[in-house]
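Protein chains in written order, with our numbering: chain A, 1 to 584; chain B, 1001 to 1264.
Hints were generated in silico from the structure; no laboratory data involved. Treat the hints with care, since some could be wrong.
BS3-like, lysine-lysine: derived pairs with alpha carbons at most 25 Å apart [as the list claims (entries may be wrong)]: (1) A:Lys55 x B:Lys1194; (2) A:Lys28 x A:Lys7; (3) A:Lys348 x A:Lys251; (4) A:Lys348 x B:Lys1251; (5) A:Lys408 x B:Lys1100; (6) A:Lys120 x A:Lys579; (7) A:Lys180 x B:Lys1251; (8) A:Lys68 x A:Lys32; (9) B:Lys1100 x A:Lys349; (10) B:Lys1251 x A:Lys458; (11) A:Lys251 x A:Lys155; (12) B:Lys1263 x A:Lys408; (13) B:Lys1100 x B:Lys1251.
No experiment lies behind these values; they were computed from the predicted model shown.
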Amino acid sequence: MAIKLDKTDAVIVGTGWAGGIAAAELTKQGYKVVALERGEDISSEDFIGSKDELKYEVRHDLYQDRTKETITTRNTTDEDAKPLRDQPTDTNGDGTGGTSTHWAGWTFRFLPFDFEIRSKIEEKYGEDRIPEDMSIQDWGIIYDELEPYYDKFEKTAGISGEENPLGPERSDDYPNPPMKETPSIRMFKEAAEALGYHPYRTPSANMSQQYENPDGETINACVYCSFCEMYGCDFGAKADPIVTVLKTAKKTDNFEIRNHAYVTRVLHDDDKASGVLYVDTQTGEEYEQPADIVVVAAYTYGNTRLMLLSEIGEPYNPETGEGIIGKNITAHYGNLLFTGVDGFFEDKKFNSFAGTGALGATLDDYNGHQIDNNETDFLHGFQLNISQGGAEPISNNPVPKDTPSWGKEFKENSLYYTNRHLGVGSMEACLPREHNFMDLDPRYNDIFGDPLLRLTVKFTDQERNLAKYKIEKAKEIMEEMGADIVEAPEITDETEFNQDSIHSHTTGGVIMGDSPETSAVNNYSQMWEKENLFVVGGSSFPHIGAYNPTGTIGALAYRATEGMVEYLEGDGGLLIEPKEEDKA
Amino acid sequence: MVDDNFKDDQEQKEKVDSKTDDGQGVSRRSFIKNSGIAAGGVVGGALLGGLLGNPFETEETTSQTDSQKQEKNPTEARMFFTRYEDFVVLEQATERIFPKDNNGPGAIELGVPYFIDKQLAGSRGTNANEYREGPFVGSKVVDSRLTRGQIFIIALRKMNSLSNERFDTPFNEAEEEQQMDILKDFEAGEIDMKDVDSSDFFTLLRDSTIEGAYADPLYGGNRNMDGWRMKEYPGSVASYADIMEQDEFVKMDPVSLTDYQQKS
Ligand SMILES: Cc1cc2nc3c(=O)[nH]c(=O)nc-3n(C[C@H](O)[C@H](O)[C@H](O)COP(=O)(O)OP(=O)(O)OC[C@H]3O[C@@H](n4cnc5c(N)ncnc54)[C@H](O)[C@@H]3O)c2cc1C
Ligand code: SF4
């Protein structure tokens, strides 16, 4: 039997940006909050002196502990799924601060187009242009409504940036100016401008100067140490939950984080959640933590899986299209949507080893509404970028394609080109399909005996055509930048989702909208079905735009906490009336 | 920050390195070959030690330079590989992947085989940080019920037996071209390795070699940070703020974690 603990005002599952923001806002308002975190107790001190490429960038030390739980993957429903056994690509994290400590820090706003994607596409290209199995939907919130929350997140995280000339309206500038401009960024900007594009400096959560956020937390100036993405910051100069929101929550004395607390169920009766069940993985003891509100902020996978395990909401059924939980998984799959081009320079050397997680420039000339989809064999679009994250030697051995991957020639060329190489990267929007979804795996279990989350994903021509197109555009920029050899990955009809595709930008599963018919949560991330349950994070995105997700996760988390406070202060009930006309 | 001494250091090292290589290593090898011990299977450590201790001490080995002495690293002994015979196959295989050349040392001189030995002796070799529930499906190394350590042993012995079959000589004594032929067959997925695709094992071997060449020396490879020197990679530098905007390439003497991390 689980040990029943005293009731608290709010229990939060997960301590990343989403959970951290909820913790800070609720505790500041005087509510007692318990955060349950499955991973280790991590503080900034753990990051001091952590410049170890093998440990962090190659073996992914800060990533999820897969001995306890993982995901399984397959392409179609008639296949058995296979578990992801080690840490091959970027996935989600573990421990205090979650993935949000070892992120790179690119912090974008999605486009107004993204939030109203179905309406906008229908309006511009006609209803028939949307394939029948493409389950895009409006988000139930528009950009203008979310703008103040973006602004709030950017100020909490001290984002360094400059206005995107093609971007949506902003109520204020970024709190800090852009980071330093390197030769490669200058070359990218000049080439892009020569081609008529509108590049701007990538908004970064690495600080261009020392900064004090509105909660009074100091984030140090970035010293450009290079060990940034996949590492915690050695200098307290990358905005993460540990140096910001969790610190703010701790100052209030209303906050407790319990580590090694693995949440296995959200407990509930008819229309409310009553708390959560968790196991202390260091003692094996099981606990019940009752609370007035339950906040699930366990990343896309954890959020979706906890709903399925707890039997909250109706699981999505790909055969009938009924049900919501697990629906609309989208991501920037590494082998297709996150691809870029390589440029090799015979006569120019770059200090490629020097960098910062989000040091770069971006352009949006082909993103969302900027691109005319009447002219393309795909919908939506992509951004193009250059970034200088600090190239470390194990992970960066760029060689022209005709070079073997080992032996004399490999050694010679990889040494020669290591500092003579630049990349133009890109990120494309990913649109959901009825055949792509998450559910529980019937074969594989976690250490508690509960089924793992299973991903079923198959690419379509939408993604492949988009990738082919964007690669041509990236090539043109790289040529304009003066590279002697320009090379791109080959995208063929065989390019398919596999375990190497899995990336940290996975979204969907507990999606938002304006009606319970089409969504699990409303725009306060409040479950339609359980009014005191808030499921916060990328899980609520009906699709992922052509940007890294965390700016939008942060904004939606601030929006959600406003709802939580309103709920706790008021008489309960849904914070938003479901839209009538969508009701069956 | 620019390191003027870099080239001199490098030349100095080259000399020392080539000396080491032409010294006892070759004599040892030719002794084993000529004496027939290599073909004869198990040779006790005491016997080898007795035979190879004094008789082959040449002038070079007795008059070691200071830096040669420094290179005798007490952490360089086999932790995972119990059979010397397996380890020498590993040495040669990694050297073919990352060979010594005009740029500088190859895998052996960088300590890559010892790096891999240490990796396999730890969680990497036992897949201890991974999801290990069955059923095991798929042909990749990571999907196998075998651990990485077991797979390495199977593969290295396969390399050796193939070399004996094809060229009538153990892998570590085969010609470079012959060793390459065998490695290429592994790479092409043409070698039968039970439930593991040999091409995926080859990727593991290749990646482990690159890791050993460039990981911080704390892991036992990248000896003297020479992997980093060849790559003009500065290692654990606290800050590049001063050079970020600069057009010129900056060469620095590398720093490893042993100097970077806080110590009492
Ligand atoms: C290498 C890398 C680079 C990235 N770079 C960027 C970038 O530049 N820009 C960007 O926008 N995004 C980036 N991302 C993505 C970004 O990190 C995530 O979008 C963001 O951190 C998600 O925040 P979150 O709070 O939703 O989830 P997380 O930060 O993952 O937090 C979830 C927490 O929940 C905990 N948890 C999960 N399940 C349970 C359970 N059952 N019980 C208890 N606790 C549980 C986890 O341990 C974790 O601490 C990157 C990701 C990676 C891996
Ligand atoms: S590059 Fe800057 S923000 Fe990133 S880890 Fe180093 S000091 Fe921190």
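Measure nothing beyond the straight line between the CA atoms of Lys68 (chain A) and Lys32 (chain A); if it is 25 Å or shorter, mark the hint as holding. Violated. Lys68 (chain A) to Lys32 (chain A) sits at ~30 Å, over the 25 Å cutoff.
Going straight from one Cα to the other, do Lys348 (chain A) and Lys1251 (chain B) come out at no more than 25 Å? 14 Å, holds
Straight-line alpha-carbon gap Lys55 (chain A) to Lys1194 (chain B), limit 25 Å: Judged against 25 Å, a Cα distance of about 30 Å means the pair is violated.
Pair hint Lys1100 (chain B) and Lys349 (chain A), alpha-carbon separation not exceeding 25 Å: OK: Lys1100 (chain B) and Lys349 (chain A) at ~24 Å, within 25 Å.
Does the structure keep Lys251 (chain A) and Lys155 (chain A) at a Cα separation of 25 Å or less? 19 Å, holds
For Lys28 (chain A) and Lys7 (chain A), compute the direct alpha-carbon distance and say whether it is at most 25 Å. 19 Å, holds
Sort out whether Lys579 (chain A) lies within 25 Å of Lys120 (chain A), counting only the CA atoms. This hinted pair holds, its Cα atoms lying about 19 Å apart.
Verify the proposed pairing of Lys348 (chain A) with Lys251 (chain A), using a straight-line Cα cut of 25 Å. 51 Å, violated
Would you mind confirming whether the straight-line C-alpha gap from Lys1251 (chain B) to Lys458 (chain A) stays at or under 25 Å? 46 Å, violated
For the pair supplied as a hint, Lys1100 (chain B) and Lys1251 (chain B), is the alpha-carbon distance within the 25 Å limit? 22 Å, holds
25 Å Cα cutoff - pair Lys180 (chain A), Lys1251 (chain B): Cα-Cα ~20 Å, so holds.
Keeping to a limit of 25 Å between CA atoms, is the pair of Lys1263 (chain B) and Lys408 (chain A) held or broken? 39 Å, violated
Checked against the numbered hints given earlier, this structure breaks hints 1, 3, 8, 10 and 12; the rest are met.
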